[in-house]
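Using the UniProt record's numbering, the letters of the sequence shown correspond one by one to residues 1 to 629.
Calculated directly from the structure, the hints in this document are not laboratory data. Just so you know, even glycine gets a beta-carbon here, dropped at the ideal spot from N, CA and C. Hints are supplied without guarantee of correctness; some may be wrong.
Simulated restraints, written as ranges between beta carbons of each label pair [what the hints assert, rightly or not]:
(1) R370 to V262: 20 to 28 Å
(2) R370 to E13: 52 to 60 Å
(3) E550 to N7: 45 to 53 Å
(4) E550 to R370: 20 to 28 Å
(5) E311 to R342: 47 to 55 Å
Here are the simulated SDA-like cross-link-like pairs (lysine to any residue), alpha carbons at most 20 Å apart as the crow flies [claimed, not checked]:
(6) K327 to W279
(7) K14 to R160
(8) K453 to D516
(9) K344 to W322
(10) K274 to T305
(11) K310 to E280
(12) K575 to G363
(13) K546 to I535
(14) K554 to D501
(15) K278 to T511
(16) K554 to Q378
(17) K9 to R156
(18) K310 to E297
(19) K278 to P292
(20) K9 to P51
(21) K310 to L155
(22) K310 to M343
(23) K310 to F422
(24) K546 to D516
(25) K336 to Q378
(26) K310 to E330
(27) K274 to V262
(28) K274 to G318
(29) K9 to G149
(30) K554 to Q570
(31) K336 to F405
(32) K546 to R531
(33) K14 to E153
(34) K344 to K327
(35) K575 to G302
(36) K575 to T305
(37) K274 to K9
(38) K453 to D501
(39) K310 to E281
(40) K344 to L264
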Amino acid sequence: MESKVENYKLIFEKEGVYLHTNAKRSNQDTTIPGFIRIVERSGEPALEWSPLEDEGRNAPAVLYTKKDGEGGEEDTNFDPGYEPDWAVISTVKKDREYVPVKESGQWSFSLPLSELYSLRRARFSLGRNFLVLTSRGGHPLPPLHFHRGGTRELLRALQRYIILASSPVDGRLFLAYPLDSGALSQSFDELQLLDDGGSDLVSRFIQDPYATTFGGFSKVTNFFRGALRPPESPHHPRGPQDPSAPSLPDEEPGFELITCGVELGPRPEVSRGKPLDKWEEFLDREGRVQHPERIKELVFRGGITPALRKEAWKFLLGFYPWNSTAKEREDILRVKTDEYFRMKVQWKSVSEEQEMRNSLLRGYRSLIERDVNRTDRQNTFFSGNDNPGLTLLHDVLMTYCMYNFDLGYVQGMSDLLAPLLFVTQNEVESFWCLTGFMELVHQNFEESQEAMKQQLLQLSILLKALDPELCDYLDSQDSGSLCFCFRWLLIWFKREFSFEDILTLWEVLWTRLPCDNFHLLIACSILESQRGELIGSDHDFNTILKHINELTMKLDLQTVLCGAEAIYLQLVQCKELPVRVQEVLGLRSPSSSEEESPDTESSETQHLLSQSGGAAAAGPACIPPPTYP
């Protein structure tokens, strides 16, 4: 022990740095005061935090350890019950990947500066400054709250050992590089923040939803919000005394917060319209649908009356082409019926002996039977034992496995089919409507989960532009990854609204108006509606998850839809809308030339806003705001 103390050298120390553990225990406070230090141990610089109660400040702190991708042990008392594993937003918070100094549960850690990947600094309007540190393994440390200031001094002390390169987009975010490293010239795109090493996230999610969510997405906490973009030109390593090095703004007693936000302007007032209640008047003599874009706009404005859903949904989901005649639709139905039953015969004719040697089909059947017995059983169409609706639900899902061998069946698909079957009351039509729906969302269920990562990233980009303070708050409570929105996006809010509301919401989303990512604006609308409950409250990681989970069936759909559309209108009217937000909204293609001038972008946006109709002219990606009567 003496030799270890002799090799210890204190470089920097600051008291009044609090660690918010988010742990609810009778014998442990959730806010622990302590010291932040930069020390050298045997010549190796490290960043350390320890609580005030620790005795012997020169004692070596326990090293921060990676768990090789594991999220730690989950609370063994957590039982998601009979719900699909992804459907339960866990409020069970495990202890961190930081080995405690004492068995009593202290949270001291020591992170070698060679393992420091990035840090992000921010401050709430309430005056609390905090830093979020992330290791090169992708693991974020608990946010460190500087109740007495000192972040500026800490960052200056760190520059004695490492280069802090600020993000070209977000001045609050710094990447850490060794002084002798040439890695600073790397493209930020090559840092692979979203890379999960090709792991099977879907399988892991089914086996352990908690560890997958907070392990698989841990790498992107604080980075989901699009802070990193490739710089216009490569950076080069600079010494800590180089006057061209990134400046660290003053903060004491209150620093000026550097933001990448823009002035969005006022948010328009939005009202909903009446549901589509006429169909025949849109048909010509041969049964072709006239003005399909007008129909889509009416559906987007107010949904569809229940009597027309059975017919209109088949067009919205691609079962019938919009320009088909009544005779052509009869032929399509006949052909599609034959095709469906040929596929159904394939799995119905498999003998028990064959299935015993077909583990894939056996697994699909077992999972489908389990999910069918718990899908919308409160609905009279699926309630009770030996209900024919359950048989249809089972048969359509089994037939989909024959239709899409690569995807097969994944939990959540039964939630998508149930409303389709309820509305169409027809096995064949519900199947082909499901295939159309799956064309929109099939990537949500793929093993790589790249689509889910991308959507969470896009949601973070939107929320950052709309409400950076809310983003900062979620960051400070380890909720910046927005992982609690996973269920929302996976099955398009099926568990958040009533069955009847979901029918309206889905038909609105199927119009793809005003943009393909309108479901992300729905999520933004919900989150913003809860900001008053979150910011300024005593919510921590666990209670944020609990609060979001308890929103189920408590949200007003029309209010949420109005909020989402108002957000869209507010964003598209911004003359200096960030490029990445434009891409999410479909106003700009990701492959567009970066050399396009801002004036050109502004003029295009204004052109969209100046139109009062002509949705078809705007293309499928977005439409101009509709005019209100």
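Now for the hints, and whether the structure bears them out:
no., hint, result
1, R370 to V262: 20 to 28 Å, "violated (48 Å)"
2, R370 to E13: 52 to 60 Å, "holds (56 Å)"
3, E550 to N7: 45 to 53 Å, "holds (52 Å)"
4, E550 to R370: 20 to 28 Å, "holds (26 Å)"
5, E311 to R342: 47 to 55 Å, "violated (26 Å)"
6, K327 to W279, "holds (17 Å)"
7, K14 to R160, "holds (16 Å)"
8, K453 to D516, "holds (17 Å)"
9, K344 to W322, "violated (28 Å)"
10, K274 to T305, "holds (9 Å)"
11, K310 to E280, "holds (14 Å)"
12, K575 to G363, "violated (53 Å)"
13, K546 to I535, "holds (15 Å)"
14, K554 to D501, "holds (12 Å)"
15, K278 to T511, "holds (17 Å)"
16, K554 to Q378, "holds (17 Å)"
17, K9 to R156, "holds (18 Å)"
18, K310 to E297, "holds (18 Å)"
19, K278 to P292, "holds (13 Å)"
20, K9 to P51, "holds (19 Å)"
21, K310 to L155, "violated (62 Å)"
22, K310 to M343, "violated (24 Å)"
23, K310 to F422, "holds (9 Å)"
24, K546 to D516, "violated (30 Å)"
25, K336 to Q378, "violated (31 Å)"
26, K310 to E330, "holds (15 Å)"
27, K274 to V262, "violated (35 Å)"
28, K274 to G318, "violated (24 Å)"
29, K9 to G149, "violated (23 Å)"
30, K554 to Q570, "violated (26 Å)"
31, K336 to F405, "holds (18 Å)"
32, K546 to R531, "holds (15 Å)"
33, K14 to E153, "holds (9 Å)"
34, K344 to K327, "violated (26 Å)"
35, K575 to G302, "violated (29 Å)"
36, K575 to T305, "violated (38 Å)"
37, K274 to K9, "violated (72 Å)"
38, K453 to D501, "violated (27 Å)"
39, K310 to E281, "holds (17 Å)"
40, K344 to L264, "violated (53 Å)"
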